[in-house]
Amino acid sequence: MPSILIQNGTVLDPSQVFERRVDVLLRDGKIAAVGKNLGKADRVVDAAGCYVTPGLIDVHVHFREPGDEEEETIASGSAAAVAGGFTSIVCMPNTKPPLDNEGQIEFVLREGQRINLANVYPCGAITRAREGKELAEMGLMHQRGAVAFSDDGVGVGDASVMRKALQYAKMFDVVLMQHCEEPTLANGAMHSGLVSTTLGLPGVPAEAEQLMIARDLLLNRTIACPYHVQHISTAWSVELIRSAKKDGLRVTCEVSPHHLLLTDEACRGYDTNFKMNPPLRTAADVRACVEGVIDGTIDCLATDHAPHLAEEKELEFQYAPNGIIGLECALSLYIKALVEPGHIPWMKLIELMTAKPAEIVKLNKGTLKEGADADVTIIDPQRSWKIDKEAFVSKSRNCPFDGWEVKGRAVMTIVGGEVKWELA
Amino acid sequence: MTLASDDKPRWTRKHLLSLEELSADEIRVILDQADAFKEVSTRSIKKVPALRGRVVVNAFFEDSTRTRTSFALAAQRLSADVIDFSEKTSSTNKGETLIDTARNIEAMGVDVIVVRHGAAGSAHYLARTVKCSVVNAGDGAHEHPTQGLLDVYTMRERFGKIEGLKVAIVGDIANSRVARSNLWALNKLGAEVILVGPPTLLSRSFEQLGARVVHDFDSIIGEVDVINMLRVQFERVKSSQFPSVREFTRLFGLTWDRFQRCKKDVFIMHPGPMNRGIEIQSDIADGPQSGILQQVTNGLSVRMAVLYLVTSLG
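Line by line, the protein sequences give chains G and U.
My numbering numbers the first residue of the first sequence as 1 and each following residue consecutively.
My numbering numbers the first residue of the second sequence as 1 and each following residue consecutively.
Accuracy of the hints is not assured; some may be wrong.
[Unchecked claim] Straight-line Cα separation of at most 30 Å, BS3-like style, residue types lysine-lysine; simulated pairs:
1. G:Lys389 x U:Lys88
2. U:Lys264 x G:Lys313
3. G:Lys313 x U:Lys14
4. G:Lys246 x G:Lys313
5. G:Lys133 x U:Lys238
6. U:Lys131 x G:Lys313
The hints are simulated quantities; they were obtained by calculation from the structure and are not laboratory data.
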């Protein structure tokens with residue numbers, strides 16, 4: 001494997017709170033050295049004007065394989081990941097069939113390795129067939145390499161099943177991720193409020209999310225399993241987690257780009273690219289999510305990359321499937337939502353995309369310490385570009401940010417010491 | 001027949017999708033045009049050549065008798081060729097039906113698609129997909145613009161103006177496209193709208209849309225000029241939106257007792273079809289202060305006006 005020397009960039013490593021103009025030498029798939037005068041390498045990369053950061057990590061993506069390969073595959077999803085600067089991703093288990101047994105976990109891992117672009121980690125289902133009734137074989141899946149568990153797409157509605165899942169997963173101290181949505185309040189097409197009333201669309205109240213978060217926090221209070229709230233979207237959800245953390249409860253959470261940038265107002269006009277679950281909420285909710293990022297209540301950023309074909313999305317709003325893709329523009333959108341307005345500095349942004357997610361799913365990654373895996377992202381913070389869904393390498397085009405002018409972009413993605421993607 | 005003269009505000013829209021997007025002037029253009037067409041219905045030969053050679057398709061994906069008939073007759077009175085297309089969507093073919101049907105209909109070279117569909121936003125969706133004009137004949141719980149128009153037309157006919165009227169709309173507001181279209185039109189034309197129903201069928205959000213939200217029918221019964229009663233949907237009992245039809249009638253029905261406490265010249269309306277004896281007592285519906293059949297008659301003129309205007313751009 002050829003060695004790589006990254007020169008002239010500013011190394012930004014939140015795991016060591018390190019920000020300095022130094023070089024980085026990658027050799028044999030590891031970070032060989034960080035400093036000055038590191039000698040020669042087979043390839044020299046000029047990172048002048050760029051940040052050199054640990055490889056970005058996204059703990060929430062849908063690669064649709066097996067089952068819906070026309071929407072995305074592990075190959076196309078991995079390509080989209082590295083094109084967005086991501087070196088590691090965690091695949092949600094709502095495939096067809098779902099990732100609810102060790103064979104499926106093995107398949108995703110092997111396919112990720114065969115494609116050999118990003119590091120692909122599977123998240124197993126909490127319950128068999130994601131039906132919320134019986135526990136899936138979490139122990140065997142964990143042994144095989146599942147880094148987390150979730151029934152994502154739906155929450156575990158039955159409190160007794162969730163309680164047992166928390167107790168059981170605690171045995172392995174592996175994180176349970178919850179798509180928080182009380183199923184009896186979930187029959188809607190968008191956020192319940194003024195806009196849904198105007199549009200005549202059935203609404204999902206904010207309480208659907210809050211109720212399940214509150215329930216799980218109570219259930220987990222004495223169990224203390226690692227518990228993670230996926231795609232948080234409401235102000236009161238942020239407040240619940242803030243106060244739980246104050247009380248010392250074991251909880252983490254993530255937020256997606258669209259919940260930091262868009263509100264339910266975007267649904268006027270019935271464009272299904274603004275339909276996702278959790279739905280776009282109000283401006284007050286967006287402010288609260290940003291506030292949660294600033295004060296540390298929100299632990300990490302995750303895209304919820306959810307590919308759908310145009311013809312699937314091309315339906316009446318209430319019948320269209322939920323979700324949007326995010327990997328290839330997420331970094332720029334986080335910059336727009338959080339860094340450009342001065343809410344957080346670059347160091348914090350990169351921490352939310354590297355060290356923090358690595359900690360949640362216990363990956364020995366998200367750092368540029370010597371000896372660590374050579375997963376590196378080079379980011380040009382000045383690079384202005386226009387998001388163009390037609391230029392995406394993802395198989396799908398369901399992106400509500402198409403046409404947005406943004407600034408800041410990954411220009412090179414290195415995984416395991418190999419350049420997997422660079423901006424042409 | 002006299003058409004709107006040149007000094008009046010002009011109609012510039014290809015589609016009629018909602019009343020939310022119309023200005024007060026645009027609504028008046030339609031109402032005035034409907035006035036002009038109303039005279040046609042009094043002739044022995046009830047037909048004008050305004051849409052001769054044009055094709056209007058009634059694409060109804062939901063059951064409807066009066067709206068479909070009214071649109072068909074309106075188009076025929078304008079001398080258009082009318083094609084009736086009805087198909088009920090099932091859960092297995094939802095969505096596909098609408099887009100495929102729309103493209104097929106378009107390929108036949110039509111001028112106007114009148115669409116009724118159970119999903120909110122389907123008329124917008126269709127308007128984005130096809131090149132011909134689209135008229136919304138009811139999309140889910142969103143809007144039913146021609147019903148809203150014929151309701152305000154009927155009120156204007158009765159009172160001479162809309163401005164200053166107090167209008168109560170009573171019943172299942174949350175699921176009602178009629179209520180929304182009425183609310184937009186009445187607000188724009190300067191009426192005061194009072195929405196009446198239980199909180200499970202009438203959220204506070206409607207206040208932000210410019211209505212007074214009231215849960216006690218009796219508290220406003222004596223102050224309103226118009227009472228528009230909506231049809232009770234029995235299936236809402238199953239989804240626990242109210243406990244029983246009996247209780248609903250007692251709390252929100254237009255009973256004889258309530259009618260006695262109304263203003264002397266109160267005007268009673270209902271978009272139909274009625275549940276007699278449930279939301280409205282029969283002798284009130286059939287009585288002298290009821291405008292229910294006038295609504296149906298006026299629906300024809302209003303729909304003629306709409307079809308005429310959306311095709312008037314060339």
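> Which numbered hints does this structure break?
Replying inline: 1, 2 and 4
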